[in-house]
Amino acid sequence: MEKFGMHSQTEQLHARHIGTGNADTTKHQWLTNQHRDTLAHYVADYSMATFISIVEGESIVRTKFNMLQRMRQPCGPPPAQTKEDN
Amino acid sequence: MFLYNLTLQPASAISSTVLGHFSGTKQQELVVARGPRLELWQADTTTGKLSIEHSEDLFCRIRGLAPFRIAGGTKDYIALAADTGAFCVLEYSTKERRFLAVQYHEFGRTGLRRLVAGQYVAADPRGRAVMVAAVERSKIVYIITRDSEARVVLASPLEASRPSTVCFDVVAVDVGYENPVFAAIESSYEEEAEGKQLVYYELDLGLNHVVRKWSTEVGDSAHRLIALPGGGDGPSGVLVCMEGRIEYRHQGGAVQGVDMPRRLEDPEGRGQMVVASAVHRMKQAFFILAQAENGDVFKITVDYSDEGVRRVGIGYFDTLPAASDLCILRAGFLFAASGAGGSHQLFQFENLGNDEESAQYTAHEELESLALVDEIEGASAVVRAQALHVAAGEEAPQIYALCGAGAQSSLKILRHGADVSEVAVSELPAAPRAVWTLQTEDRGELIVVGFAASTLVLAMGDDLAEADLPGVALDEATLAVSAMDGGGLVQVTPRAVRHVRGDGRVTEWAAPSAIACAAVNARQAVVALTRGSPVVYFEVDANGVLREHADRLDVGADVTCVALSPVAQTRLLAGLVAVGCADQTVRVHALEAHRSLEALGLQAVADVAHSVAFADHGGGVVALYAGLRNGLLVRAHVDAMGDLDDARTRFLGARAVQLCPVASGAVALSSAPWLCHVMQGRVRATPLSYDALEWAAPLGDALVCVAGASLRVLHVDRLGAQALTCASIPLALTPRGFCTHPGSRFFAVAETTGASSLVRVVSPFDGSSTFVDDLPPAHSALCVAAVRFADDAGEYVAVGCAEGLRLRPRGCDAATIRLYRWVEDGTALELVHATPVDGVPQALLAFDGQLLVAAGRSLALYALGTRRLLRKALTAVVAPHLIASVCAHPTQPRWLFVADARESVLLVAFNAVARAFHVVVDDSLPRHITCMHPLEDGLTVVAADKFGSLFVLRAPEAAAQCLDADPSAARAAYERPRMPGAAPFCWRAVAEFHVGDMVTAIDVCSLAPHARPVILYATLLGAVHVAVPLVGQGDVDFFTALESALRKHCPPVSGRDHQAYRSAFMPVRSVVDGDLCESFYLLTEEQRTLVAGEVDRAQMDILKKMEDVRAMFAF
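First to last, the sequence lines map onto chains A and B. Per this note's numbering, residue 7 is the first one in the first sequence, and the count goes up by one each step. Per this note's numbering, residue 78 is the first one in the second sequence, and the count goes up by one each step.
Just chain B, same shape as in the assembly (with noise of 0.2 Å):
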């Protein structure tokens, strides 16, 4: 087995946020850590979107960022903390479009070790000097100056360490162009007496050194500080956060401490910590906001004079989902970044807050005083997921990811696709065929709707009205319209071409036969007759009338389609026509008038095509597509000399594909519509997620379209920033497995936050809860599954809880299994019975017509009773140390695979005489396993673990053999084991790879109705990958050579040697890392060249070859 790993949407959980100019540009940025990668975000301070301006895979842990910008410059630099054991200075460069490392300076092993500096990052805010600290110890300080053409420059680091101290957390203090001063919140361990302490490093640049200048004793619940502006704008020193109260302390300054109001229904109990903050300087004043736990923010205003800070204030301002970063925006908007939460939120100031502050408040139920103006949705802190056909009319599978915590968690159904937002919808008398929009130099953009044997003029104002456009035929048909240059417009309807000329005056040229379909342009227009001579070409002369050329195009079959090039920048003509015949062809024709209608290039189809257009894919890329009866979508790029090559053949859907080019590119309307367009120098194909289209035209940014009989204007939204959309269906608590009732396609599921839990029936067509029980207090929901027991033809969902359930040690005062019905057609539950059972019920099964109860380390089986649930049988031991997860095996229905929590996957085999559980196969390594996925083979399985790899195992054939022979796997059983205490077999690792994110769902199945099955996983951070089987070994050479390639001419930006990433726990092993490959489409031009020519490929090749496989595989 060789895997080739493909990201097919990175992680969406953000863990760091900086705000700055990052472009160089008067516009403030973003730049967010998403998982291992860095993106640059860019808020339209005018229509409050956001936009993923870039992204890219550093491969490494991204553990903290500080912007920081060197004297005199006018751009921000970012100053990186990771895993690397390397001081990484990153730039984003608007020339290349990417992130570049421009400092890199080595300090440490690579890894998050304890003792290795990378965890907290804090830049000077006059961008002098940055410290870089561990958790632990180490705290390095870089001077950073300028050369002479205003590049960054690093001195050499000094040192800071302090050794027994852990770190709490690190910021810079505003000084002015004082020495450098850091602040840290740390605690010894080896000096008992000493208390938690607040610490200042200066760093004394006259001298080149850092003296831990001056220490302060905190509360021992210190976890955050803010640094207050400085050196004239403000007081300096910082706000130390502690459990419900901020206080201010700054060295020669007083304390000024003030406690955190409370919520009015909770004035007891312990204080709320605070998540995030954010500081926001005016002219000649800040304030402060910082958001507790709960999503409470408050505002923090500090009184100061020339002496110091008088007072600290804090007042309530609002409710937010928790973020995991907040950012104020200069242009009056308030970021917010979600950690496990999902969706990133941008928020427009309304009012400031009424300051009042009053120590105990009511939460707002709706925000005061902000607005939601965007919302970029991600499915994060995904803790189940399965990849499951439920929408009805939809081919391929949707991922149905529950997630969050708490009061932030969802049901998240993830699909392929663009996110489509609708601007406004009309209802027309009747089904149009075909919309097209003129630009007019009076009226604006005008829309021509074409119906059967009529055509319609609309204007968009604030709503679609009628208008009136002297000259058009509105009692026929219409097959083309375009504006003109200089005026005027050209109608084609099946009788005629109308020129109609600016000052009204309309020549038309009268068709010998029916015009079956053509194409027009500002200056040209080509229509095909039904009969006779076929193809007439027209120009616009020099006196601005339409001509007919004098030669016309016969291509020896009936002609279905036309459609003109796209007229080059410099050029004042379309140069090809290319034209889709009967005969299963495509042609493409010269337009010059040297060269009259000449045959260039032909490229045979595989149906006749139903529509043609070309693409300007920008760069001088032109494609041309074709859009065939039978759904297939046929991409070729074409040359200078309009030949046509590298023909590629997708599968869109089962109706004849309408093609429409659009600005970037085309819109292809098949039973999905779907949009052609370049992202990141790859051609992609992206499904828009919204009904089925018939037309489609541009209007401005946002799309008109037919869509039955109504007109429908749609704007796509953040396009190929992200591969899949995702809906969301609220849940209360956060979500700990589901489960679906087979017929009615309904969720069950349990949800549990702290003690309180309960079972939910909810629909995924519209996401409304059908039914919710509520468990007793105390009761913890752990496990659910759906059961059908021999003898009863009833669907069940069994639910494992505990009540009073401790997490350390792991235990409870009572465990039950709680046994549901589904009633009503399989919209509720109703509960049959509830059978106290040994143990945490950690995982439930449906087992050869029993269920299956895994507590703790045993495996037990239950038949269906009246009263409760009734034991058939009981193995106390099975696994080593605690079993996470079970799951069934797919061909035996008496053999399971059991994961432990710390100690792998094993094979399982029932034996139904002697009613016992025998390990048949085992690992010889402790893998901490999250989730498992068994192949088809049934001697397979994919799994992973707690620290982010995924390996696949495998059973050795003896076991095979063995198990054949023995099924019960009694024989084997009592065997003579290998070692004491170990099952007869153990497992060989055929493929390992380091994701560097927990995987928590792994599913194997086809994302497309034509594709092959791949292993699809997710990460708790709402990543989505998979992993495809590599077939020939060519392919598997061929990859690998190209990964190693890359590897050594464009290693990832971060400076972490990619093969040491991917091999953190485990070394790397039969995967290739196709993100890594795709990089390939970012590199420049002799980048390119030297790893083409390493890999002994042409560059087309090897941009083929990844293509290929995400055609056959993924999307």
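Just chain A, with the same shape it has in the complex (with noise of 0.2 Å):
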């Protein structure tokens, strides 16, 4: 029951932190996560927004929007499962 009682509250932990890795963490999870943060940084940080935006020639909105459109799947879909991920 201990046991149990500690695997669950392990789960609850990796629920809340996102990004919390564990044996089964493929490179697609783990890269798509890092990007997801990084995206969210810049589209928090005003100063960085800006800067992406000048750079790519847009408004500063479209630039954030884009970065959040981008968060959903910022390194495409995951790919297949192969029998060795198994």
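Be aware that a few hints might be false.
Residues from chain A that face chain B, not an exhaustive set, calculated with beta carbons under 8 Å [unchecked claim]:
| # | residue |
| --- | --- |
| 1 | Leu19 |
| 2 | Glu62 |
| 3 | Gln79 |
| 4 | Gly82 |
According to the in silico footprint, chain B covers these stretches of chain A (three or more CB under 8 Å from chain B) [unchecked claim]:
| # | region |
| --- | --- |
| 5 | 43-55 |
| 6 | 63-70 |
Read the hints as simulated data drawn from the structure, not as lab findings. C-beta: ideal position from N, C-alpha, C; glycine also.
Join the two chains into one complex using the hints; note that each chain is given alone, in its own frame.
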């Protein structure tokens, strides 16, 4: 019982702290999480968002929107699982 | 090295703006977030002038603001969303004149994090609840109530989080007094079938929980919500802005959509996004102004009945520069806050548009429905900047900054000073010596102009016209003149003191010898004679007669100037007289009857005083100013007993300083006009951006001044709010870089937007473009450098261009270096040739008589040929990732600094024998460099990264020794590296500091003729800072102690831990935050005592120390 209680606690912690990896985390998941963190920072940092919008030649609203859109799948769809992964 | 960081000019770009009654008065005010500062602005509804009432550094990243008012209150509060990981409610205290945190509730970690709320904030229109949301997942709702003393009280937060959901925008829906509802645009990345949704979150006040009440699918380009009025004032619900389309959505209501009209010349292509919007409520109706990316403003009207919205109409309204926020003031003004554009503008509504709703329109060339009434200029989105001595006759360097993006690009010239607007100019027959203003009962304010041997009286109407003032001797010179209490005036001429009574009778006191100088006020006169017992004092007696005082004042030296102290509010007479003497002293004597010209204070000065003046700085603080013949200005504090202490000296210019007292302080006129005044507790001397003046006098809230043979009426705008003034030269495209011609000082600027580019020569003096070369289509100009080649006397400009540039991943179809030669005395360019190069040219540099080209990771050297540039050396891999910029070494022509876009700074030496570049010093930290500047020792470099940090890197002693022995680094390069792939030596970080905004330009210069050099840097959002090197260990200890005492006792109002903020990415090292130290000026007396006790210094000492640093290094 003790063992299971601990397990569910770990699960809960994993759910709360997104990006906490485990042995089964794939490279794609890890990278996606990194990209999401980066994009969220760029959106939140007004100075950085302005910088990117100037480089891209877009309005800051569009730059932020594009970055938020990219947060949904920053590294594309997950690769098809092969037998080795399982 | 120990640095003291000071902000000279706060950031100019406004990231968010809210409108409300923050002082609790009837007047609508704006609270704007500019970088880390929160400011309270007021718009004068009669004159249409914007004023900055208060500005405070919150030491955090401000991400959003929302105003709310609790039920029954008259004052608006501000809900602050920042990187504090907390919900903070701010109030503007009219008593303390600063922002106060009334509620503070922590909910998460600090920093700009994906899952910690703080990106969006929305307040219920009835002030019952506030939602704070994160970019992903978290949404927190606070219920706001009031206690018995009408203070804001927060209930514990309620969570409405949904995992794996990206949030695009949050607004509060106006539902009247039903349960508060917040609307959000969300998109889940787990549920792939689910598209983008508009979600309503309802706060059930009865059950005290938040439910996801309703959701509906919206278009994938939905990016912004606009809440409509509700609860009897409108239909409630929201407008969802999508690319080129706006839709009305509400729970239980039908969808009503409308396409945004398009410009006639742009009928196809992607739709415009809405960048800013404002809802204006009138008594029976409302309308919405929404601005698209290209700057076009649309007026949206909603046709509704009790059944719901029938249709949404949209029509083109007008075109403004793209704003970051729009606010409509009830008095008929539109405020447009600018993000990257630079200037914030206030418009007045001329009409409400023609309500024509066509699908296509032609944009207005000029404003038709709005009229510009005021503008606050700022240098925002600084791309590159440099401090240069270009303008002739100016002793201080000017900051030339390339600013803006796209159509709003400009070259800004920043210099220390206050903006002055010219109200009137009047040419006179001869050059006046002095000017005074007289307040008369029947004829308003009159202006008395004194010439060498005559006097003129003018009246200020629509124009300056000669006026008649009986009794004034017009055929004599005037030394001083003043209106008297109870009518009449006193005029001092070199020959006599003339008292003109109210009924026109004139009494004259003939002087035994010529009068040298005089000072008069409404009841007193002091004149100094050229010979004999010098100073004679007059006072109006009970019968209204100006009588000579029994005693005369003999100071034992020739008197050069006199001044009377300001008359205290409860008194009739001035208590003190100041006398400037030829023995290089300024003396203060009492004028009160029982003390009869008793000597009180004496101040020795460095030269003979040319003029003296008292200034009342408010709060019982009186200062005595003495302007000396050698151009120095001395300020001394005058205490209640008339003693002088705490004297400060500063250099104003090459001319003797003439002082003229005005309402807020004193005007000091030397080779430039200065205004001495008090701003936020600190006495400042601010130069006025205007021509040299000879004399000034107050005229209402303006100044009437003498400049040569003309009389000017000037108004000082927004005094003290901004230390730097900004002149602007418009450019066409986003600027990328510039260089100057050494002789003509004209600027060559490379500009690029999208696929079009040009190279322009612009005059910094009149702003005219003398040469424009449009680059071929699809070419992007990326970098520019001034270059001189060995064996060629010509001055050249090299421009790095890429054809078909791609940003991700970086690449291009072809790249060239276009070489131009300066012609026509440095006012135009001539294309010499274009040379193809490999890779995207990132940076160019004149290097040892050749041109250095950095492309990708490589460095190449080119010499001048007749048909093309000739490659002389190439090192394919110098930087580990991508070279961002290169910088010449200050002493060694064959060394240079290379900045990598991700891997910090490298010190590189060129080996002329092997024709190869060797990296000598690299970094152990991955720093994303934006700009750098080497210091004079050649082994230290100041650099900044993309995340807003500034740092100083120094090469170790061993590297210096190695390079001394082996300047080409030939041996060092082949010795065993300290690890594979690394350079022989590694930088040591000697200072680290988080600025909070991306630094885009660093320079080292002296800001004033006698000031010591400082590190000057500008940030992307338009702030200008200096990092001052502290020299003595005593100063270092003092400021460190002061900083930590302030951190402890008076932390920033945002609740962000100051030390943690300054250490956001790297722990702060060897830098004291001068902005925090200067918050000492704003503290209350108890707080000051507390801090002074902790530092173990007197308050006066602390103030003097901070002022000394400013005087020695900056302004």
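Hints, verified against the model:
no.: 1; hint: Leu19; in the structure: violated (14 Å)
no.: 2; hint: Glu62; in the structure: holds (7 Å)
no.: 3; hint: Gln79; in the structure: holds (7 Å)
no.: 4; hint: Gly82; in the structure: violated (12 Å)
no.: 5; hint: 43-55; in the structure: holds (count 9)
no.: 6; hint: 63-70; in the structure: holds (count 6)
In the structure shown, a violation is registered for the earlier hints numbered 1 and 4, in ascending order.
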